[in-house]
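Join the two chains, each given in its own frame, into one complex according to the hints.
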Amino acid sequence: MTAIKAENCSKWYGQILGISNVTWTTPGTTPGRLTGGVVGLLGPNGAGKSTLMKLMAGLLRPSRGALTVFGASPYDDLEVRRRIGYTPEHEKAWDELTALELVTVMARLAGTPRTRARDAAAAALDAMGMTDAMHRRVRGFSKGMRQRTKLATAIAHGPDLLLLDEPLTGVDPVARAEIIERIRALGAAGKTIIVSSHVLYEIEALTSEIVVIHRGQVLAEGNVFEIRRLIDKHPHRIRVECDRPRAIVRALAEADHLSKISIDATSVTLETRDPDRCYDQLAAAVLDGGLVVRSLGSPDNNLGAVFDYLTGTPR
Amino acid sequence: MTAMSAMITIAWVALVRLVRGRALWIALVMALLPIGYALVVRDGGRPDLPADLFAVEQLLLVVVPPMLLAAAIGDELEDRTTAYLWSRPVPRWSVLAGKLVALAPIAIVLVLASWIVAGLVGSGSAPPLGTVAALAAGGLVIAIVAMGLATLVPKHGIALTVTYFLFLDLPIGALPASLRYLSVTHHVRTLAGTKTAALAQLDPQGPAVLALALIACGWSAIALWRIRRIEA
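If you read the protein sequences in the order shown, they are chains A and B.
When the letters of the first sequence are read in order and numbered with the working numbering, they come out as residues 1 to 315.
When the letters of the second sequence are read in order and numbered with the working numbering, they come out as residues 1 to 232.
What you were told as hints is all true, and nothing was included just to trick you.
Simulated crosslink set (DSBU-like; lysine-lysine; CA at most 30 Å straight-line):
| # | chain 1 | residue 1 | chain 2 | residue 2 |
| --- | --- | --- | --- | --- |
| 1 | B | K155 | A | K92 |
| 2 | A | K92 | A | K143 |
| 3 | A | K143 | B | K155 |
Read the hints as simulated data drawn from the structure, not as lab findings.
So here's chain B without its partners, still in its complex pose (with noise of 0.2 Å):
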């Protein structure tokens, strides 16, 4: 077997797992609260509701990923079922691969819709396409982040990534410091193009990009260097 049809395998198996389990559920209806949320304030005529609404998604943003991410891989590890996967000539690497391409795209999706959906219902209209590129981006990148946490510690794996990202990555990226560069959420507003023109001019979407590129490769090499020390 080769490394790219046991990455497959173990994508469908996720899959599987995820439309037979009860994650999926829980994401689906915290995909609607964001909507819900649009729909309570809708006619408030306020400008700034496409930000507002802008943030209240990025709340889900840092959820759903963890969710679906964290614990495939949590779970894993800690009901030992990595003992069937290890003791088969299957790469190590496609194992999360195989997690990544099955999961991280059904978060993003399931984001995405809320996002447009809040979108049409809050103002109008759908939102811009650039947001749509960035809690794209940002989906994935939270879902890699999650992926190395739940490697280092897969019993918290979900609750550990929600809370760095609630209380470290979001307070983070809102400092006027460079510190705000380590900051996930930072780069998607700034991808988004949500910020004030000011704070847009001191932070460029090409640098985000870049960013956001290290910040996942950075995850990804300490996920692969976890995953390949990991004894069943």
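Chain A with its partners taken away, still in its complex shape (with noise of 0.2 Å):
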């Protein structure tokens, strides 16, 4: 079953465009993905992401369009928010209450039986390493701490897909790192992850697989490398350093694909319109004139590249 469908899905806040007409459909439901795993929700701020989140967290409704998850809408069918663990993207949470009991609350709320919901809001705090802080309120935690103990009040009652919305805004490197463990691990055990960021180098931690979204409109989706692929508009740039730059520079001058060619003493790079084709002749000039070379790489090939692409950002 598809996780999330939109279908021209529209809001807006007043006069105020949130998303406009936006159409995308989980990984998972195309043939030869694997259900479950991390999707990167990509866009600067105001891009729409959070109003996304909402939409898919039952938060709001779509002004216009459509917006299912598990096939129901999720502002109007209370089961399907049972199968939901969303973490908003601001930081107050009911602060006079310890960590356990939050998350506890929390898990009761989502349907967790009395009986269970303690143990299971101890074994989330446990998965996101609050152990030792979880009899402690949260009033006195850092946004490390507050951020983890957000996610575990996502992952207690066992939902089938998480929506992190800004899961590591302002939290220290070290916590970052360990988050983006515990969120990895979440996907490999077959969860739905949809983690929302305005900074790239989040994202690329945690997946390959991402959704740009800017001024409301979704504009890519896919492997990043594919989106990459995609943006025929664009040369692809390839960047080598060896010992003898100019060599290459005389072996491809005469090729058709190449759109512009870059030297300077120590590297060459070079931009394409056909990678493949590029990257066979390269090889052979590499190989036949005997060079050494010390770093072969695209630098369009990181996220930063693919988001100024479909942005229309200048580099």
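Structure below.
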């Protein structure tokens, strides 16, 4: 079953646009792809990520179009919301409660029986590395501890779908690495996880499966490398560091797929519309010329480059 | 989870937050004020002392329930902790009902305790049962009004409710016009029997109970309508 399906979904806040005409289906329904895993929802602040998250969590009702989770409207259908674990972007929780009380209450409200809720909450906090602090009140927690407690509230009732809105905001590097590891582990365990962020390297560290959203619209979705390949109007860049970069330029100067060649003392950067052919010719040039290659890579195969291309931000 | 167990869970959270927060202690201190007033005026031997004390108690009545109810609902909406609630399979009415069930009795007990002690201190005897029942009914209705106003204006729920009662409800209730039937405090005075005999004839107690019930129903409907429409 499709985890999330948005069809021409739009949301306005009065005159302000939240998202516009979004049509999107989570991975897992496409033949050949695994169910579960982490999907990164990427976009700058104000792009519409949180709006989309709230629509998926059932906090908002679409102004137009439809959005379903496991085949039903999360806004109207209480049963569907049992299968969702959501952490909002903001930090505020019921700070007067201890972490264990908070997570227990959230598990109870999500439908976990009273007899099991406390154990489930303790296990969720333990999974988030919060065992030592679970009897302390949330009021005194650092941002990292709050984020981990929020994640525990989302997973305690064993949902099939996790919606994590900016779960790494304000977290110190050590806690960030821990949280990333725990989210990845949940994804590997078969949960479908949607993580939003405006920080590119956070998403890159979590997943290569992304949805790029900008000004309320989905610009692209899929594997970051596949997306890059689809952007054919932008040449693909290949950078080679070697002992004689001019030899590469000489060998490839006549290639019709190259749109630009940049060279300096130690490297050459090629911009090509046909990366496969370019790599073949490059390999031949290196072997024929007996060049010593120190590094070979594509600066475009990272999320930052993809995001900049899609949003039209000049690099 | 049934709606009932959701309501109980939300009520438990509301109680814990109240006990561990500051609002309860502020309300407790405020509940001492009518007792302090009774201490000051107790030796005056005035025949209108009970009515005078009741008027002071009414001021407490219009402050304490909003302090607890409007704050609980307003803070929830303002702090956006409703995001946690709305994303759970919880009917929205259970959030309001849970808070009302948890906090309204505490507000009412505070007001009644204050009234009984003030009566004992001021006039040397426990106040009539009718006044106690009137304050209890009034406390419940004012808590519901506070709940409704807090869903409409979460940021200023307490201030708006207290202002409404102090500067609109109380003055309207004192008017010799049919407009006074919209006043909660007017009906509370009617039920308490603290009016003059002439006025008591004009406003019998039976319709006052009905009027309070109608006002409570009206504000409950507003609160439920509003909470269904609020988006986190």
